[in-house]
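Colleague: Spelled out from the first residue to the last, the chains are:
There are 2 protein chains.
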Amino acid sequence: MNIITDISEMQKVADSFRLQGRRIGFVPTMGFLHEGHLSLIRHARQMFDIVVVSIFVNPIQFGPSEDFDRYPRDEDGDLAKCKAGGVDIVFLPDAKEMYSTQDAVTVSVERISDIMEGAIRPGHYRGVATVVAKLFHIVKPHAAFFGQKDYQQCIIIKRLVKGLNIDVDIVIRPTVREADGLAMSSRNAYLNEKERRAATVIFRALSSAEHLIKSGVKDMEHVRSRIQATLQEEKGLNIDYIQIVDPDTLMPLQSMVNNLVILVAVRLGNTRLIDNVHIWP
Amino acid sequence: MNIITDISEMQKVADSFRLQGRRIGFVPTMGFLHEGHLSLIRHARQMFDIVVVSIFVNPIQFGPSEDFDRYPRDEDGDLAKCKAGGVDIVFLPDAKEMYSTQDAVTVSVERISDIMEGAIRPGHYRGVATVVAKLFHIVKPHAAFFGQKDYQQCIIIKRLVKGLNIDVDIVIRPTVREADGLAMSSRNAYLNEKERRAATVIFRALSSAEHLIKSGVKDMEHVRSRIQATLQEEKGLNIDYIQIVDPDTLMPLQSMVNNLVILVAVRLGNTRLIDNVHIWP
Chain Z
1 MNIITDISEM QKVADSFRLQ GRRIGFVPTM GFLHEGHLSL IRHARQMFDI
51 VVVSIFVNPI QFGPSEDFDR YPRDEDGDLA KCKAGGVDIV FLPDAKEMYS
101 TQDAVTVSVE RISDIMEGAI RPGHYRGVAT VVAKLFHIVK PHAAFFGQKD
151 YQQCIIIKRL VKGLNIDVDI VIRPTVREAD GLAMSSRNAY LNEKERRAAT
201 VIFRALSSAE HLIKSGVKDM EHVRSRIQAT LQEEKGLNID YIQIVDPDTL
251 MPLQSMVNNL VILVAVRLGN TRLIDNVHIW P
Chain H
282 MNIITDISEM QKVADSFRLQ GRRIGFVPTM GFLHEGHLSL IRHARQMFDI
332 VVVSIFVNPI QFGPSEDFDR YPRDEDGDLA KCKAGGVDIV FLPDAKEMYS
382 TQDAVTVSVE RISDIMEGAI RPGHYRGVAT VVAKLFHIVK PHAAFFGQKD
432 YQQCIIIKRL VKGLNIDVDI VIRPTVREAD GLAMSSRNAY LNEKERRAAT
482 VIFRALSSAE HLIKSGVKDM EHVRSRIQAT LQEEKGLNID YIQIVDPDTL
532 MPLQSMVNNL VILVAVRLGN TRLIDNVHIW P
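Same order as they appear, the protein sequences are chains Z and H. The numbering of the first sequence is the numbering used here, which starts it at 1 and goes up by one. The numbering of the second sequence is the numbering used here, which starts it at 282 and goes up by one.
No wet-lab data here; the hints were simulated from the structure. Possibly wrong hints are sitting among the right ones.
[Said to hold, decoys possible] Heads up, simulated DSS-like pairs for lysine-lysine below, C-alpha to C-alpha not over 30 Å straight-line:
no., chain 1, residue 1, chain 2, residue 2
1, Z, Lys12, H, Lys362
2, Z, Lys140, H, Lys421
3, Z, Lys162, H, Lys377
4, H, Lys439, H, Lys377
5, H, Lys439, Z, Lys158
6, Z, Lys96, H, Lys377
7, Z, Lys96, H, Lys495
8, H, Lys516, Z, Lys162
9, Z, Lys162, H, Lys439
10, H, Lys421, Z, Lys158
11, H, Lys293, Z, Lys158
12, Z, Lys140, H, Lys475
13, Z, Lys158, H, Lys364
14, Z, Lys140, H, Lys495
15, H, Lys421, Z, Lys12
16, H, Lys364, H, Lys430
17, Z, Lys12, H, Lys443
18, H, Lys443, Z, Lys162
19, Z, Lys158, H, Lys443
20, Z, Lys140, H, Lys439
[To be verified] Derived coverage of chain Z by chain H (criterion: at least 3 residues anywhere in the stretch with Cβ under 8 Å from a Cβ of chain H; other residues may be distant):
no., segment
21, 75-81
22, 131-137
23, 165-177
24, 259-270
Don't be surprised by glycine CBs; every beta carbon is placed ideally from N, CA and C.
From just these sequences and the hints, can you work out the full model?
Modeller: Following this line, the structure appears as structure tokens:
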């Protein structure tokens, strides 16, 4: 496994793989790798000649009062996991080299960046779209892998590559969950024991909503109320939003049309958690 | 010479050239090709295995009251000139395919997009940066060629590729001029006979400023006044700006440091003309 920190070296290595006709699969991460990331790596390993993982806690996607400084980091552990997962290259850029120019260049995906997570975290998705565009230009992958846990991010990245004609396939993989249903997330490390137990309510609420819909309930306002009631059983949990939306446009749905996504964001103490479920009739 | 209109076909053709190790030089244009474009094409032809020219009047870089509809077009003439210039591929995209997504994706180069041309034409450089990023993702060139006549645009595109780590060399070539000094521009076609004669004052003003500086004048406010006085000799010419700036940052200079650029924008009737000169001591 090769560790590359220099941007132009990464580009040269990517060019040489491409000249040899070898196809590059890319898993961009912020590190502190968990089973969700590892499942993306395994999938990339099966499909591609070369697997590149980037580890970069991207400062520009954090708001000034957010958790950039305390975001969990474990470089040695991450490198060991990448090596065990058969990764060819870990790209570990330096924040100073990533954001060195005098005038900022930013990429914006309009409208869908301003709702849900984007409404609560202004500028977050501009930071995400910008760093993903940069990483794609540096790693030059044929495909990139993202977890469905960050559903809105997945849709924004699909819009990004379509809107700017970036020739990278976006592969979305299912959310990986703990045994009790909690979606894997690096931020789960923030939870104390009590919060960790309380967090299981999110998947229970989403699963019962899925059950309701599959058993024939059509009124999405009713479904939404049931999710809210379930979540509110946990004292100390605050709801940021519960949204039932069209899977492509992320526009709210009053009733099931073809298929839909339910997205939930809550706060437990100082920790924000998000999750979602994609439901077909 | 191959004419390609489909975005994904252009990407496939570019991929296959790159797999063969052939290097692609790219000249993006809005068509109505003049000697300025042709000198870029000749230069690309000398340096690269494959020369791609795009012809696309980019709607999103025009303001609502600007000249998008009447911008001069001559597809047959352009294709003949490309063929004569030894161009391998002309990329002729359709505006509907270029801007088909529901939510706009835009690229912004902050600060330097908001001064001079950007102050007079709000959103112009966001439109330029966005279409250039798109074209680079479609044509996949190793280098792209731009004329110095659009000096601010050149600097913005250099910032764009640096800021987003786009692996394309930006080659800036000197402004090509008519015999009487007027900078070649597709918009010169708008000028009537009287305006065309009046337009020669721009190059005279810039040349005498260069002469002043090279003869030792240090005070840039004095130089600026002299340019203004020269331009004002032409009745019916309105000055949008006269700026003496640092070549890289585009920040105003009070005195000559290493080298500088003087940029001028004027209106003659309904036609806006820009020009500039880069001066070393």
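Colleague: Does the structure break any of the earlier hints, and which numbers would those be?
Modeller: 1, 6, 7, 8, 12, 13, 14, 21, 24
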